[in-house]
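Protein chains in written order, with my numbering: chain A, 1 to 478; chain B, 479 to 662; chain C, 663 to 929.
One should not assume that every hint holds.
Unchecked claim - Each computed DMTMM-like pair below joins lysine to aspartate or glutamate, with the alpha-carbon atoms no more than 25 Å apart:
1) B/K553 to C/D824
2) C/K842 to A/D368
3) C/K729 to C/D705
4) C/K719 to C/D707
5) B/K660 to C/D707
6) B/K611 to C/D760
7) B/K616 to B/D572
8) C/K738 to C/D774
9) B/K660 to C/D705
10) A/K229 to A/D219
11) C/K842 to A/E422
12) C/K892 to A/E80
13) C/K690 to C/D774
14) C/K698 to C/D807
15) B/K644 to B/E541
16) C/K769 to B/D496
17) C/K842 to C/D824
18) C/K892 to B/D526
19) C/K747 to B/D572
20) A/K419 to C/D824
21) C/K719 to C/D756
Simulated from the structure, these hints should not be mistaken for laboratory data.
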Amino acid sequence: MALSPVTPNNKALAWLEERLPILTVANSVMGPGTPTPRNLNYMWNFGSLAGIMLVLQIITGIVLAMHYTASTMFAFDSVERIMRDVNYGWLIRYMHANGASMFFIVVYTHIFRGLYFGSYKAPREVLWMLGVVIFLLMMATAFMGYVLPWGQMSFWGATVITNLFSAIPVVGESIVTLLWGGFSVDNPTLNRFFSLHYLLPFVIAGVVILHLWAKKISDSGNPLGIEVKSTADQIPFHPFYTVKDAFGLGVFLIFFAYFLFFAPNALGHPDNYIPADPLVTPASIVPEWYFLPFYAILRSITFDLGPIDAKLLGVIAMFASILVWFFLPWLDGSKVRSGNFRPMFKIFFTILVVDMFVLMYVGGISPDLVLVDLGPNTAAILEQIIKAAPEAVKASIDSGMDINQAARIAGVNDAELAKMLETYRSSIQAIHLGMLATAYYFAHFLIILPVLGRVEKTLPLPESIAAAVIKPKTMPAE
Amino acid sequence: MSTIEDTKNHEDDATRRDFLHIAATGMGAVGAAVAVWPFIDQMNPAADTLALASVEVDISAVEEGESILVKWRGKPVFIRHRTPTEIEEARLADDIGLPDVQFDEERVTAGKEQWLILVGVCTHLGCVPLGTKSGDDKGEFGGWFCPCHGSHYDTSGRIRKGPAPKNLSVPEYAFLSDTVLKIG
Amino acid sequence: MKLLKNIAVALCVTAGVASAASAAGAGKHPKQVEWKFQGIFGDFDYQSAQRGFQIYKEVCSACHGLKYFRFRNLDKLGYNEDQIKAIAAEYEVDGDIDDEGDQTIRKGLPQDAFPSPFRNDNAAASANGGAVPPDLSLMVKARHDGANYVYSLLTGYEDESDAPEGINVSAGKYYNPYFKGSVISMAPPLAEGIVEYAAGNPEANLDQMSKDVVNFLMYTAEPNLHDRHKLGVMVIIFLSVLTILLYFSMKKIWRPVKAGKNFYEDE
Numbered sequence: 001m002a003l004s005p006v007t008p009n010n011k012a013l014a015w016l017e018e019r020l021p022i023l024t025v026a027n028s029v030m031g032p033g034t035p036t037p038r039n040l041n042y043m044w045n046f047g048s049l050a051g052i053m054l055v056l057q058i059i060t061g062i063v064l065a066m067h068y069t070a071s072t073m074f075a076f077d078s079v080e081r082i083m084r085d086v087n088y089g090w091l092i093r094y095m096h097a098n099g100a101s102m103f104f105i106v107v108y109t110h111i112f113r114g115l116y117f118g119s120y121k122a123p124r125e126v127l128w129m130l131g132v133v134i135f136l137l138m139m140a141t142a143f144m145g146y147v148l149p150w151g152q153m154s155f156w157g158a159t160v161i162t163n164l165f166s167a168i169p170v171v172g173e174s175i176v177t178l179l180w181g182g183f184s185v186d187n188p189t190l191n192r193f194f195s196l197h198y199l200l201p202f203v204i205a206g207v208v209i210l211h212l213w214a215k216k217i218s219d220s221g222n223p224l225g226i227e228v229k230s231t232a233d234q235i236p237f238h239p240f241y242t243v244k245d246a247f248g249l250g251v252f253l254i255f256f257a258y259f260l261f262f263a264p265n266a267l268g269h270p271d272n273y274i275p276a277d278p279l280v281t282p283a284s285i286v287p288e289w290y291f292l293p294f295y296a297i298l299r300s301i302t303f304d305l306g307p308i309d310a311k312l313l314g315v316i317a318m319f320a321s322i323l324v325w326f327f328l329p330w331l332d333g334s335k336v337r338s339g340n341f342r343p344m345f346k347i348f349f350t351i352l353v354v355d356m357f358v359l360m361y362v363g364g365i366s367p368d369l370v371l372v373d374l375g376p377n378t379a380a381i382l383e384q385i386i387k388a389a390p391e392a393v394k395a396s397i398d399s400g401m402d403i404n405q406a407a408r409i410a411g412v413n414d415a416e417l418a419k420m421l422e423t424y425r426s427s428i429q430a431i432h433l434g435m436l437a438t439a440y441y442f443a444h445f446l447i448i449l450p451v452l453g454r455v456e457k458t459l460p461l462p463e464s465i466a467a468a469v470i471k472p473k474t475m476p477a478e
Numbered sequence: 479m480s481t482i483e484d485t486k487n488h489e490d491d492a493t494r495r496d497f498l499h500i501a502a503t504g505m506g507a508v509g510a511a512v513a514v515w516p517f518i519d520q521m522n523p524a525a526d527t528l529a530l531a532s533v534e535v536d537i538s539a540v541e542e543g544e545s546i547l548v549k550w551r552g553k554p555v556f557i558r559h560r561t562p563t564e565i566e567e568a569r570l571a572d573d574i575g576l577p578d579v580q581f582d583e584e585r586v587t588a589g590k591e592q593w594l595i596l597v598g599v600c601t602h603l604g605c606v607p608l609g610t611k612s613g614d615d616k617g618e619f620g621g622w623f624c625p626c627h628g629s630h631y632d633t634s635g636r637i638r639k640g641p642a643p644k645n646l647s648v649p650e651y652a653f654l655s656d657t658v659l660k661i662g
Numbered sequence: 663m664k665l666l667k668n669i670a671v672a673l674c675v676t677a678g679v680a681s682a683a684s685a686a687g688a689g690k691h692p693k694q695v696e697w698k699f700q701g702i703f704g705d706f707d708y709q710s711a712q713r714g715f716q717i718y719k720e721v722c723s724a725c726h727g728l729k730y731f732r733f734r735n736l737d738k739l740g741y742n743e744d745q746i747k748a749i750a751a752e753y754e755v756d757g758d759i760d761d762e763g764d765q766t767i768r769k770g771l772p773q774d775a776f777p778s779p780f781r782n783d784n785a786a787a788s789a790n791g792g793a794v795p796p797d798l799s800l801m802v803k804a805r806h807d808g809a810n811y812v813y814s815l816l817t818g819y820e821d822e823s824d825a826p827e828g829i830n831v832s833a834g835k836y837y838n839p840y841f842k843g844s845v846i847s848m849a850p851p852l853a854e855g856i857v858e859y860a861a862g863n864p865e866a867n868l869d870q871m872s873k874d875v876v877n878f879l880m881y882t883a884e885p886n887l888h889d890r891h892k893l894g895v896m897v898i899i900f901l902s903v904l905t906i907l908l909y910f911s912m913k914k915i916w917r918p919v920k921a922g923k924n925f926y927e928d929e
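Here chain A stands alone, though its shape is the one from the complex (with noise of 0.2 Å):
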């Protein structure tokens, strides 16, 4: 890793700096002593972005705590003086509720970026990696968050996700009652949820710097997914990027205003402004929308495996489903890095978007929801049929027959009928389509990936990043 060392001229600062290199350092990663691929788009905004969410998450929780108080007795209130009576509380726990939720779009929208642009691909599979590994730890920490103020959803959320743990064999349950430090979601929950919930922050934000500094070792993609051939590839990342970013941030930031002071409850569930009670559950739990694909994938699984039953393989799924994107660069054998010259993965790569959405709208909305309705069921009512039909002429009933002959066999009459269309019905329920997108999902990473890896014709790759973006120079007329 070379640093572009600074010498300053001031001596105090030269003083410090040839003992505590800061400047090099911050030269080397974002300054003008940083080298960088000059055909960055704005694609290429959303990792500063997420550091700039995060420094905001931390600085507005540390203001948070302030004023909340970890106890099954006060949360719900302190979070509600938060809301009423601290100067500017409503302004700070929207932008941190929010805010949650705008990292993660700033997230999602950096990690489909580095799936588009191959981000993944040698030399950066441990960047890579180090990311999965900040979004599992950003997950736990909205997770815990969403649990500190105490309302219906909160409770019922930490209380489903917490069960989980429950599927795995023999050691389950005693795993589910250490994590609730009791014999359900209770007060010493809370305390713990709280104390990991500001922890892990500063826990992400170490990662993040591995991540920065294997960025550093293994320079940034680019769109074009070649590496820098010469200087005439590179620009300095300040001033040029340092603006972009800025500007990006400008955009972003009136996005994140909209929701803050025009829709602050747009993105939360009204359940959770009713006080948590463990004696009723909420007619629906849903987890925050952040969580929802995943949740679906949970959902999807409803048959056993083997000796696996459906809840744990659900479970397994569900974790599977991250865990793939640590296996993503052996997964996906192609030698072109860029989405761009990979016409077979573009199209792949637009249906696992939609399937990602697909699976958020599953994810929130009950299981059981009919999407199409296919008309009614003959198998089944031919089965009421045969039930209600008189034992002597049951066999004369077969299960080839049209519904109507059948009916009139057995006696049934129309009104009966006409209700037996009414109940036994064949229909796409969210649960169907759960399972296709979840089928999908695995299929996108271990069967398209790698074959596509084998047979895609991927287009010619430019020369050189210069030789692409530069427009050739036409000399002007004398």
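Starting from the structure of chain A, add chains B and C where the hints point.
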């Protein structure tokens, strides 16, 4: 590689660019500075705390010679209905060379001299002096006595003897009527 | 960019299917009312909220508490200090423990919350046939589409005989299709003539009263709405100007890059 036109453009740019940079950077800096304010202001007393910043006390039941103690902003406040003798004693001591010179009339409301309102925190190290309850040791000067290090206060709440450097402080207060006192 | 467009098109199609499906599956949606507090420049309807407060005081407060709303919070609704003191004094709240160790009762002060009409949930349940009247401070935020929901609930009582088959309205319960499960324990709370508005106010009919209650409950649930919208407009204007400046600044700075300059060798 550069042409004359290029150079000209470049010079034009320099000024416009400078202005743009200064405007953008300046505005960003101002925005950031303003955005800091909510994060500082949140540490100031919240609305529920401020709502308790003043208390109203009904003093109709306090007989002459009696005192009561009320809690105000987390601190004790002494309200004493002084007897004419006590007032006289306090006034006589006005110019005998007190450690912390202050006239009795400066410490009470004109026309309501019988009411003495004091923050009940000893100016030495913050103990609560005795002298409010009927059986308390009122000290050598008939006012209050701090048991921690032996400070004696007179019937105007002024320090007369002992380590305390200052008189007991008088909070901001007002008589809303003859019987209702608003402290703070 | 073409890729983004494709993704967007695919998403729109999915969203279309999804919304059609969910519309088919949900229950009775609340009636949609245009509220003054909606939108970027929305603000409370203070007159209406004051009338809503009157209804709360005279009707709702018999069963429903308002534990996060304090008498002093009435100030932004247009009541002055003396009025607030007078209103607070109409209520009795728990005072200090006296010298004998007994709970004292004192008159309400501006810093007190509206007292709950029942000592605790059990008392509330036993007085109301097993159903606990919920606290109303956050009601508008604690239900989906809360403002319209409360309005619809208040105006949505129907005769039991109109209840569809399968919904059994037992004795002491009422049919209200906007309530989850359609059977509600609360008797229709508002009816014409139940309160009398001061002169100069609109007629106290069911529709008007319901709207007034919602406007008041919006204020109790989200007292910062006024400040939030005002600050929000300023912040977005500020950010827009800053972002436009940054855009042009960026364009200027990037000019030599676009022109193909090599910053490491040219000069």
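The hints, checked one at a time:
no.: 1; hint: B/K553 to C/D824; in the structure: 63 Å, violated
no.: 2; hint: C/K842 to A/D368; in the structure: 19 Å, holds
no.: 3; hint: C/K729 to C/D705; in the structure: 23 Å, holds
no.: 4; hint: C/K719 to C/D707; in the structure: 18 Å, holds
no.: 5; hint: B/K660 to C/D707; in the structure: 34 Å, violated
no.: 6; hint: B/K611 to C/D760; in the structure: 16 Å, holds
no.: 7; hint: B/K616 to B/D572; in the structure: 19 Å, holds
no.: 8; hint: C/K738 to C/D774; in the structure: 16 Å, holds
no.: 9; hint: B/K660 to C/D705; in the structure: 35 Å, violated
no.: 10; hint: A/K229 to A/D219; in the structure: 12 Å, holds
no.: 11; hint: C/K842 to A/E422; in the structure: 24 Å, holds
no.: 12; hint: C/K892 to A/E80; in the structure: 21 Å, holds
no.: 13; hint: C/K690 to C/D774; in the structure: 38 Å, violated
no.: 14; hint: C/K698 to C/D807; in the structure: 15 Å, holds
no.: 15; hint: B/K644 to B/E541; in the structure: 28 Å, violated
no.: 16; hint: C/K769 to B/D496; in the structure: 66 Å, violated
no.: 17; hint: C/K842 to C/D824; in the structure: 17 Å, holds
no.: 18; hint: C/K892 to B/D526; in the structure: 23 Å, holds
no.: 19; hint: C/K747 to B/D572; in the structure: 41 Å, violated
no.: 20; hint: A/K419 to C/D824; in the structure: 22 Å, holds
no.: 21; hint: C/K719 to C/D756; in the structure: 19 Å, holds
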